[in-house]
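J.: These protein sequence lines are chains F and W, in that order. To convert, note that position 442 of the first sequence is 442 in the UniProt record's numbering; the numbers rise steadily by one, no gaps. To convert, note that position 498 of the second sequence is 498 in the UniProt record's numbering; the numbers rise steadily by one, no gaps.
FYI, nobody ran anything at the bench for these hints, they're computed from the structure. Source: prediction; values computed, not measured. Some hints could be false.
Pairs involving identical chains hold if they fit within one copy or between any two copies, as the list cannot separate such chains.
Heads up, simulated PhoX-like pairs for lysine-lysine below, C-alpha to C-alpha not over 25 Å straight-line [to be verified]: (1) K260 - K165; (2) K524 - K482; (3) K202 - K494; (4) K482 - K289; (5) K427 - K494; (6) K564 - K527; (7) K260 - K460; (8) K527 - K460.
Protein chains: 2
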Amino acid sequence: MFISTVTANSGAMLLLRRCRGLTLLSTRRLPVAPAVASCAVRLRSSSAEDQGSYQRAHRPGWRHAVAGLLAGTGAVLAYGLHQHKAEQEAAYPIFSQEEVTSHRSLQDGVWVTYKGGVYDITEFVAMHPGGDKILLAAGGALEPFWALYAVHNQEHVLEMLSEYKVGELNAEDLKKQKTMQTLDPYSSDPERHPVLRINNLKPFNAEPPPEILSDSFITPSAFFFKRNHLPVPQVDPATYLLQVEGLPGGLLTLSLEELKTRFPKHTVTATLQCAGNRRSEMNAVKQVKGLNWGIAAISNATWSGARLRDVLLAAGYGPDVARRAGHVQFEGLDKDVTGTTYGASIPLNKAVSEEGDVLLAYEMNGADLPADHGYPVRVVVPGVVGARNVKWLGKIIVSADESSSHWQQNDYKGFSPGTDWDTVNFKSAPAIQELPVQSAITAPADGAVVDRSSEELTVKGYAWSGGGREVVRVDVSLDGGKTWQVAQIRSSEKGQAPEGTPPTGRAWAWKLWEITAPLPPGAKELKIVCKAVDNSYNMQPDTVAPIWNLRGVLSNAWHRVNVKIREDEREE
Amino acid sequence: MFISTVTANSGAMLLLRRCRGLTLLSTRRLPVAPAVASCAVRLRSSSAEDQGSYQRAHRPGWRHAVAGLLAGTGAVLAYGLHQHKAEQEAAYPIFSQEEVTSHRSLQDGVWVTYKGGVYDITEFVAMHPGGDKILLAAGGALEPFWALYAVHNQEHVLEMLSEYKVGELNAEDLKKQKTMQTLDPYSSDPERHPVLRINNLKPFNAEPPPEILSDSFITPSAFFFKRNHLPVPQVDPATYLLQVEGLPGGLLTLSLEELKTRFPKHTVTATLQCAGNRRSEMNAVKQVKGLNWGIAAISNATWSGARLRDVLLAAGYGPDVARRAGHVQFEGLDKDVTGTTYGASIPLNKAVSEEGDVLLAYEMNGADLPADHGYPVRVVVPGVVGARNVKWLGKIIVSADESSSHWQQNDYKGFSPGTDWDTVNFKSAPAIQELPVQSAITAPADGAVVDRSSEELTVKGYAWSGGGREVVRVDVSLDGGKTWQVAQIRSSEKGQAPEGTPPTGRAWAWKLWEITAPLPPGAKELKIVCKAVDNSYNMQPDTVAPIWNLRGVLSNAWHRVNVKIREDEREE
């Protein structure tokens, strides 16, 4: 049944995905079952007569495409595309927007428009690398989605699309579309500090330079790493309403003012880390899918707000609920053009525990939340991966189920290094919640040169662990891991008195560490390594390859920095 | 101030310890302050006249000894000892037991007897590798202590002792001593299953063969690893009383019957692991101090008993207590000849949490606790190192402080690989509570030979993590870690339906895993490796050396087993 391929087209490969993948992506508006069923049927019935219509005659050789898909590469697809290019005609029929809109399902065909062209992408749905999210554009324009997901702005994507052209949109409807599309969903994103290193502009993803990161125990909000999944929503604090669902008290709705006044204000110093922090080190081993974060997708701030626990109790939470529910879901107010919001969930026991310290935060570092960090209200889930700390919080749902969002179900999970996109089963791994022990060297930078005359070297960095586990030691090596010294660690701003030891299991904030060591005599290069130990005595793994995973998350191997020693010229 | 040494005598080195170490060892009977003060004074005033007496003239050259001590080696000490040997006379004065007993402090001198000889070991106290525990024998006989701590039964120990001889015990008192000493404190220890591999007989420490370990999800009690620190106490269930101290209700005393009837019986399946499990792998890197455990100092059982939380609530525990107290201490009924009991403590929040599942267990695998496992009552602290699961429980103390016991303060802690016995500061590391993620291969055994004709190989093992973190994946490699496959894991007896997923943070039981893989064509040897991942996505470190520590605890690097493939003779 499987057809092997001879050559591989990497562009097409990137866009391919198994039919199976479809089962994992669902949205509220378009239940996935029909898509899957259709996919299964289409893999078996390859002739056109069963669904013949004008435009189907123009579709590319999708039998070839499916063969390529099954084989896990796009080589056959690419071949098929080129074969059919010659057959295309310049004269296309004209369609109205209404006609296009009537094709918005796999049953009726999936049509989209792009710059005035009308495309029947029914056959492409199963191959879409983003899964059936593509169905959100069914019957409408692609532009708003491509503006959200900039990965589409590549030549080979346009080439693929052109193969599916079936007509042109009439002039009047095209004009209407253009008027609407001049709105860039990211146009109202806030200004950002220019020192940030941008990994992606839309949505905005950026990290501070490492040297700045370890300058302060509390990361100034401007330098705090930013990881948005969608455009920053404009929220009016006067009309903002937080909804709490799924509890015996019925729907609880809270204004910002009520959230601030009805519940005690609670302050927690907590480090947030992106699951993809240090992904670039995994990319160096073998390419992964995701933003190429350096070591600074982690920052530390003080957060103030109402405790989620208190709000849930006010909404009727009690032991009865614990028996039927297991999760607390969060929905952001950030949404794509279809209204799909960012979403995530955390285990109920974390949410309601007195010691969980989960906040509905409205302040960051003593001021209102900045727009990029969730104004006016975000969830702060100390000890848990950044992705569950939902920003611009709109809704809280206590449920028996995890969030059904893409980011909970089909992203932010860890897999074995032997698992690839052909074999991955997202259901087989738990959604990342607590993160493993982590540390990195912020100074010196990799490749730095140190003068022999300076006689000693100061190495600095951060260390943190998930689940409230306190970092109890950081070991530093200058010889690639053969010998180790213990770094000085601190849990406050330099020069300030250290905060007391946090209660067991509630060490939410990172530690900064530093060690000054004499330059080893005769050494021409230092292979600096750091590794942290937390109070469960978990340690970082030695190397990256054995923890490599296809999404490049959970990158917490020893951090390594190489430094050259320049001999003093007078001595040479 | 520090004197360097030229050569090292390894026997003496082993027995040496910094004066500083003394500050960390204290017992209720003999507060440590005088010992430390004395030590400090003696390092400065080196002449004998200030405390002159008959026997002091016989003491060995302790100025040399102290110099050696300061330099961290025994070389100078050894030199001093030999120099003074010649000066000793055969004719010793005769002392009564009463005279010996009057020397039981550093102020009055510390005398001990051994086989009829009288020894003034005042100067040796600071050098005793077991710390000031040696003071427990002050004024009495060494034999009962040496019977407890078999490490003393070595020739060089007797040689060192002989240097401190100051007299002989009179015949009558010697006779009395001998009568008392015929009682072996271990004589009432229970029978054990002969298949156990004994690491130490007195106290009894043994583990099952690995192949037996992975045969059953619930380890039969007879095969469950045994780790005793002292003789097994004989406890009469009819007169057994458990004391609970430190709570507003005052002292609560519970008989076994009351414990069983006043509180609901709660059953937990929990894995216990010794901190020293897999220590032999650390020993292979560099010698550590401790029993040479293989991979089977870990087992899984069902435990039933009263919840500690319920008992503490009955004794008056409430939120007020949480504000002043931080620890729950446990004292065993197992004791040494001085009455010092085994002791340990756990954080209060683990003890009182509804989700902590800490038990005062009176049943193991559905029957009364066996004598070796704490009959009639032991603590079971799921997710926490075996050493805190105090057996033969006598007393529970809610306190602001950790247990002051040797095992809590000066043992069962982790250190950097660069830390040795000269530099270790036990106060710098937290007492081990939650253990890190762990896994090991139980079959095949290292060095096994597999026939090529068998075509495939089944690899089996266990995996577990501390703190209730569930093992979510076990990766197995047959090529030393280059490529990985995912093992099948199970959480029940083979053939039985798997238990449901435990609630988040309450995965107390291990998982057994198994993978059957074809023998790689052409391979002559398989380098089998396993590593586990828990739901905080912590992973085991790759190698042993970077996590090596002087006590050989927390040995959780990838487990490696090498297997040879024998080619089928017909094919050769």
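J.: Hints first: check each against the structure and report whether it holds.
T.: Going down the list of hints, with the structure as the test:
1. K260 - K165: Answer is neither; intra-copy 54 Å and inter-copy 77 Å both fail.
2. K524 - K482: within (16 Å within a copy, 31 Å between copies)
3. K202 - K494: Neither way: K202 and K494 sit 36 Å apart in one copy and 51 Å across, limit 25 Å.
4. K482 - K289: between (33 Å within a copy, 21 Å between copies)
5. K427 - K494: between (45 Å within a copy, 23 Å between copies)
6. K564 - K527: within (9 Å within a copy, 36 Å between copies)
7. K260 - K460: Result: close neither inside a copy nor across copies, 39 Å intra and 55 Å inter.
8. K527 - K460: Cα proximity of K527 and K460: one copy only (14 Å, versus 37 Å across).
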